[in-house]
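With the hints as your guide, set chain B onto chain A.
Chains as they are written, first to last, in my numbering: chain A, 1 to 229; chain B, 1001 to 1208.
The hints are simulated quantities; they were obtained by calculation from the structure and are not laboratory data.
Hints may contain errors.
Straight-line Cα separation of at most 25 Å, PhoX-like style, residue types lysine-lysine; simulated pairs [as the list claims (entries may be wrong)]:
hint: 1; chain 1: A; residue 1: Lys194; chain 2: B; residue 2: Lys1027
hint: 2; chain 1: B; residue 1: Lys1127; chain 2: A; residue 2: Lys206
hint: 3; chain 1: A; residue 1: Lys139; chain 2: B; residue 2: Lys1027
hint: 4; chain 1: A; residue 1: Lys139; chain 2: A; residue 2: Lys91
hint: 5; chain 1: A; residue 1: Lys91; chain 2: A; residue 2: Lys206
hint: 6; chain 1: A; residue 1: Lys139; chain 2: A; residue 2: Lys202
hint: 7; chain 1: B; residue 1: Lys1072; chain 2: B; residue 2: Lys1027
hint: 8; chain 1: A; residue 1: Lys202; chain 2: B; residue 2: Lys1127
hint: 9; chain 1: B; residue 1: Lys1166; chain 2: B; residue 2: Lys1072
hint: 10; chain 1: A; residue 1: Lys139; chain 2: A; residue 2: Lys78
hint: 11; chain 1: A; residue 1: Lys78; chain 2: A; residue 2: Lys122
hint: 12; chain 1: A; residue 1: Lys202; chain 2: B; residue 2: Lys1027
hint: 13; chain 1: A; residue 1: Lys194; chain 2: A; residue 2: Lys206
hint: 14; chain 1: B; residue 1: Lys1127; chain 2: B; residue 2: Lys1166
hint: 15; chain 1: B; residue 1: Lys1127; chain 2: A; residue 2: Lys194
hint: 16; chain 1: A; residue 1: Lys91; chain 2: B; residue 2: Lys1027
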Amino acid sequence: MRDLSNITATDRVVLRTALFLLLALGIFPSSGQAQLYFDIPVQFDYYRTDTDELNFSRRGAIFNPSICMVVAGNDSSKFEVHVGLGIFLSKFNQEVGSSTFEFNAIGPFQTTAAAYYNFSNKIQAGLGVSFGWYAVNEKGIQFNLDPEYPDRLGDGYSTLNFGNNIDARYNINETFSIGAKFTYWYLPQLEYVKIGNYGDFKGSQKDLYLTRLEFSVRVFLNSRQYNRK
Amino acid sequence: MKTVSTYLILVLLLTSCYVDDESSFIKEPFDPRMPQYSEEGANTAGAYVDGQPWVSRKRIISSIFSSSPYTKGTMNFYGLEDSSGTFVAFEGGDLLLDQSTVSCSVGIVLGEFYLSNPDDLDQLDNKRVELDGTINYGQMILQNDFSQLVEENAGTGVLHIRNVVKTAEGEWNISGTFGFSINGENQESTVFSGRFDYEVSDEQFHEF
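Isolated chain B (complex conformation):
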């Protein structure tokens, strides 16, 4: 009876969770922990957060314990209040520490651009955006809690939008590189050598 129960629990655990990768992880040969910079809609992002690899890849996770699947590792666009800009968030990534993994999200506030739908991405093509720490700035959030922007911990650096291409009606691919450092009151961090390559559709646009 004990053996049957053990097998039942094992089967339940094995079938309880199903992960559907909606991303191509293209390993960078220089550092295979990181995604290589690409322009194909790989749905991945990566950076070094305080020297440790941070990776975000789009995955849909289904569980028998949850009524609906949830998606992590996405790129989302949040319109800020009064159309004052857009918060671009790479949500649900993982910070790979030596012996463990910590949930971590990275985002960039673009005060100069209000993006409400995929077709608005065209205005970003080949733009170099200075993250000055006031109008445009970076954010790094452990545990993926983006309930509010922490302006005291605004990161300064650069965002390069390197490729924006329309792939179908209402669907775009966007790729770029970035890096910023945070010297805030509560946080001192670096998010360096960032790269991202995502497919974008209407469902990724929200109000913050």
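With the rest of the complex left out, here is chain A:
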């Protein structure tokens, strides 16, 4: 698991941002300037690599709700700003030879910020940015529990990612909307140094990229409906 005793400068920035968003989610909706909602997606993650030597694939669909808020100038504004906060969750497999290894990327922080345009009361589309902070661990029980000799996954997986997303939604009524979102994540998730045939270290290489497709239901919580009336 991630060693929380070694907090880096990046980790501090992430934690402060998460705290700020939590405060924003608490303050703006309660003052009537924003509306809270739950985003409840089914998430499909697709992993791709630049080399044939690596074979990664998605493991199942992921249910990963988050809490979000929407802010707009007034109730009939064409533009809205959405901010969401949740956990980062991704599941993937690695196949090597005849072996399959199962991994989970889990983290306390995933945020999305997006601007939406309302084409009508029912139809809207958005463009935004996403950010995730997490750790990759192998799924399953660790059998060697000896504290002197713990088995573990070696270094190489990224703990950060950011991407852009595009989202299209249909407002069913004042409370519910459905939609689909595609996120293109930019950062390579694996950095490795191969050992050559005769024991020489090859240069560091980066690979393993993520794209994500989500289908979600949004449940709006309080009285302010903005453009969904």
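Chain B alone, transformed into the frame defined by chain A:
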């Protein structure tokens, strides 16, 4: 009665063998079948033998059928006759084939270095040793039978000793990488992309 006998046999089998891992298997993310190169005394080694993963990790196996536990996956140092060199052996590893596992050991003869105790390891620090096939050479033995060195099947390649550090009195950690190919009369094999990281103490030094 039959059910009781079955349970008794099951309990006997379950308690007959106990494995104590004395190694940290640090999975290499690029290929999690292999240990990642490390410098912490993980007591593991790995390489690709003819393209298949070979892994050695130190384990102490106790069995009610044996009077004393035995250790496999160790790194041992055997002094050769007339102090003519040292045979460094990674003994009791496993070659992971698609559907089965075969016992396999890998070793390297260092004709230029006679190592009789842990403190002698210091002379290896940051050394690149050319395995020329005559003075220094690699060995790959299936079924872990190192009763003699097979000079006809001497492997040529390179051994890199990357880190040698004293951790306590008479105790050292040694890490490195290696690779060699064998083009012998009886054996044609490759042992590529090797890596090892072991704790070393006096009990690992023997006469061959």
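Going through the hints against the structure:
The straight-line distance between the Cα atoms of A:Lys194 and B:Lys1027 is roughly 13 Å, inside the 25 Å bound, and the hint therefore holds. Our distance criterion of 25 Å between C-alpha atoms is broken by B:Lys1127 and A:Lys206, whose separation comes to about 29 Å. Restraint check for A:Lys139 and B:Lys1027: satisfied, since their Cα atoms lie roughly 13 Å apart, inside the 25 Å limit. Between A:Lys139 and A:Lys91, the direct Cα distance comes to roughly 9 Å. Compliance with the 25 Å bound is thereby established for this hinted pair.
For the suggested pair A:Lys91 and A:Lys206, the alpha carbons sit about 20 Å apart, so the restraint of at most 25 Å is met. In summary, the hint linking A:Lys139 to A:Lys202 is not supported, as the alpha carbons are separated by about 29 Å, beyond the 25 Å threshold. Among the hinted pairs, B:Lys1072 with B:Lys1027 is consistent with the structure: their alpha-carbon atoms are about 19 Å apart, no more than 25 Å. Of the supplied pair hints, the one linking A:Lys202 and B:Lys1127 holds, its CA atoms being roughly 18 Å apart against a limit of 25 Å.
Only pairs whose Cα atoms come within 25 Å are accepted, and B:Lys1166 paired with B:Lys1072 is accepted, the gap being roughly 23 Å. About 45 Å separates the Cα atoms of A:Lys139 and A:Lys78, which puts this hinted pair outside 25 Å; it is violated. A hinted pair counts as satisfied when its Cα atoms are at most 25 Å apart, and A:Lys78 with A:Lys122 qualifies at roughly 12 Å. Only pairs whose Cα atoms come within 25 Å are accepted, and A:Lys202 paired with B:Lys1027 is accepted, the gap being roughly 18 Å.
At roughly 11 Å between alpha-carbon atoms, A:Lys194 and A:Lys206 fall within 25 Å of each other, so this suggested pair holds. The straight-line distance between the Cα atoms of B:Lys1127 and B:Lys1166 is roughly 16 Å, inside the 25 Å bound, and the hint therefore holds. A threshold of 25 Å between alpha carbons decides the hint, and for B:Lys1127 with A:Lys194 the separation of about 20 Å falls inside it, so the pair holds. Between A:Lys91 and B:Lys1027, the direct Cα distance comes to roughly 18 Å. Compliance with the 25 Å bound is thereby established for this hinted pair.
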